[in-house]
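As given, the protein sequences belong to chains V and P, one line each in that order. For the first sequence, our numbering gives the first residue as 421, with consecutive numbering after it. For the second sequence, our numbering gives the first residue as 112, with consecutive numbering after it.
These aren't lab readings, by the way, just hints derived from the structure by calculation. A portion of the hints provided could be inaccurate.
Claimed, not checked - Restraint ranges, calculated between C-beta atoms of paired labels, are given here:
#1 P:241 - V:529: 18 to 24 Å
#2 P:125 - V:502: 19 to 25 Å
#3 P:208 - V:497: 25 to 31 Å
#4 P:118 - V:529: 33 to 39 Å
#5 V:499 - P:214: 19 to 25 Å
#6 V:433 - P:199: 25 to 31 Å
#7 P:140 - V:498: 42 to 48 Å
What the hints assert, rightly or not - Among chain P residues calculated to face chain V with C-beta under 7 Å, some are:
#8 124
#9 125
#10 126
#11 129
#12 153
#13 156
#14 157
#15 192
No experiment lies behind these values; they were computed from the predicted model shown. Ideal placement from N, C-alpha and C gives every residue a C-beta, glycine not left out.
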Amino acid sequence: MKISELSAYIDGTIVCNADKADKEVYSAFSSDMMSDVLAFVLDQGVLITGLINPQIVRTALMMDIECIVVVRGKTPDAAIISLAEANGIVIVTTKKNMFETSGRLYSAGLKA
Amino acid sequence: MANQFIHQEYLVAGNNFNSAGSASEAVKSTLKKMGVASSDIRRVAIAMYEGEINMVIHAGGGIALVDIYYDKINILLNDKGKGIADLEKAMQPGYSTAPEEVQRLGFGAGMGLPNMKKYADVFDIQSEVGVGTTVKMTIYFG
Ligand SMILES: Nc1ncnc2c1ncn2[C@@H]1O[C@H](COP(=O)(O)OP(=O)(O)OP(=O)(O)O)[C@@H](O)[C@H]1O
Ligand SMILES: [Mg+2]
């Protein structure tokens with residue numbers, strides 16, 4: 421699905437790199453532990469997390485992940501946004517929790 | 112270019128979670144410019160990033176020495192931190208001594224060393240309590 425569609429499924433808001441929202445994503449991984457994310461390579465994957473610090477962007481960058489979904493209504497600060505912007509990573513925020521976000525996106529067709 | 116060779120050195124600052132990962136980021140972009148395959152770059156980036164983060168969290172910082180050849184990369188991570196008493200234990204998935212405030216930042220799953228071993232083609236770790244830790248990794252391209 422496109423990142424814009426992903427955002428719609430979870431009533432999300434695209435907070436940076438909105439011009440890249442028509443990129444296709446196929447799979448996702450949900451975790452608050454970055455090394456758990458780093459253990460599994462995803463192709464065109466999405467990182468779903470409740471964390472907000474620059475390391476979510478660095479982790480995504482190392483993994484070639486192009487979209488991060490931040491759950492539970494948290495707002496990434498300016499430092500996180502600018503790091504994501506510089507690296508072309510789209511950040512979507514949603515008020516939904518990690519379970520519901522993952523469930524909706526899985527039902528909509530994102531692979532585990 | 113069979114004789115291509117790049118040497119890079121990075122100082123990794125301890126306990127700084129804003130800069131943590133910037134050395135790995137720089138190496139990643141060098142490899143990208145060289146045209147190394149993205150699956151190889153990813154293995155390098157993940158292995159080095161885990162090692163860099165370990166120096167930030169557990170060792171008060173350290174240095175990263177990187178030698179890039181046309182067909183491989185050698186990464187040496189050296190710190191003068193507290194060292195690791197039981198290496199066998201530290202290598203086990205899930206083993207972590209990360210304090211709670213570090214866990215709240217998303218680290219301390221105890222997966223860093225296992226990930227480095229998994230993604231590097233050659234992995235070697237030497238450590239002495241009170242002296243420091245040295246990690247050597249080689250990743251072959253292609
Ligand atoms: N450079 C180091 N200096 C001192 N101790 C270290 C160093 N690297 C690792 N350790 C020790 O080995 C343990 C396991 O390391 P590992 O990277 O596997 O997990 P972690 O860093 O605790 O968590 P994660 O990497 O999943 O975020 C650490 O918790 C720490 O006790
Ligand atoms: Mg670690």
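We went through each hint and held it up to the structure:
1. Distance hint check: the CB atoms of residue 241 (chain P) and residue 529 (chain V) are about 53 Å apart, inconsistent with the given range 18 to 24 Å.
2. The hinted range of 19 to 25 Å is satisfied by residue 125 (chain P) and residue 502 (chain V), whose Cβ atoms lie roughly 24 Å apart.
3. Roughly 29 Å separates the CB atoms of residue 208 (chain P) and residue 497 (chain V), a value that falls within the hinted 25 to 31 Å.
4. In this structure the supplied range 33 to 39 Å is violated for residue 118 (chain P) paired with residue 529 (chain V), their Cβ-Cβ distance being about 46 Å.
5. For residue 499 (chain V) paired with residue 214 (chain P), a C-beta distance near 21 Å keeps the hint of 19 to 25 Å intact.
6. At roughly 47 Å, the beta-carbon separation of residue 433 (chain V) and residue 199 (chain P) lies outside the given 25 to 31 Å, and the hint is violated.
7. Under the hint 42 to 48 Å, the C-beta atoms of residue 140 (chain P) and residue 498 (chain V), about 23 Å apart, miss the expected range.
8. For residue 124 (chain P), the interface hint is violated, since its Cβ never comes within 7 Å of a Cβ in chain V; the closest pair sits about 14 Å apart.
9. Hint status for residue 125 (chain P): violated, given a least beta-carbon distance of 15 Å to chain V, over 7 Å.
10. The beta carbon of residue 126 (chain P) comes no nearer than 13 Å to any beta carbon in chain V, farther than 7 Å, and the hint placing it at the interface is violated.
11. Given hint, residue 129 (chain P) at the interface with chain V, holds; its Cβ is 6 Å from that chain's nearest Cβ, closer than 7 Å.
12. With a cut of 7 Å, the hint placing residue 153 (chain P) at the interface with chain V holds, because the nearest CB-to-CB distance is about 6 Å.
13. Annotation: residue 156 (chain P) was flagged as interfacial toward chain V, and the flag holds, the nearest CB pair being 4 Å apart, inside 7 Å.
14. Because the smallest distance between the Cβ of residue 157 (chain P) and any Cβ of chain V comes to about 5 Å, under 7 Å, the interface hint for this residue holds.
15. For residue 192 (chain P), the interface hint is violated, since its Cβ never comes within 7 Å of a Cβ in chain V; the closest pair sits about 18 Å apart.
In summary, the numbered hints that this structure violates are 1, 4, 6, 7, 8, 9, 10, 15.
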